[in-house]
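Enquirer: Residue 16 in numbering that gives the first Met the number 0 sits at position 17 of the sequence shown; the count goes up by one each step and never skips.
Rather than coming from a laboratory, the hints here were simulated on the basis of the structure. For each residue, glycine too, the CB sits at the ideal point set by N, CA and C. Any given hint might turn out to be false.
Here are the simulated distance ranges between beta carbons [as the list claims (entries may be wrong)]:
(1) Ile50 with Val28: 36 to 46 Å
(2) Glu13 with Leu62: 12 to 22 Å
(3) Ser54 with Cys23: 16 to 26 Å
(4) Ile50 with Leu15: 32 to 42 Å
(5) Lys21 with Ile50: 41 to 51 Å
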Amino acid sequence: MHALGRIHRDIKLENLMTEIVKNCEGKPVEINIKITDFGFATVIDGENPTITLGSPNYMAPELCE
């Protein structure tokens, strides 16, 4: 996402989904992690975003001041 100039801005456990891929014998062979809820996502155009967004319970304390 970052290589495409996009940032999510609200990564938390509730916004992650996992998928366990199994082979024909039923044994797990890989885990896919998918990101959901792009409500706070934005496109960056070479500048750092100046607005702080996210869920307060998951933000670094210095961002909540």
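Enquirer: Now tell me if each hint is right for this structure.
Expert: A quick look at each hint next to the structure:
Ile50 and Val28 have their C-beta atoms about 41 Å apart, which keeps the hinted 36 to 46 Å range intact. About 19 Å separates the C-beta atoms of Glu13 and Leu62, a value consistent with the hinted range of 12 to 22 Å. For Ser54 paired with Cys23, a C-beta distance near 40 Å fails the hint of 16 to 26 Å. Checked against the hint of 32 to 42 Å, the C-beta distance between Ile50 and Leu15 comes to roughly 23 Å, which is inconsistent with it.
Look at Lys21 against Ile50: about 42 Å separates their beta carbons, and that is inside 41 to 51 Å.
The structure fails hints 3 and 4 (numbered hints given earlier, in ascending order).
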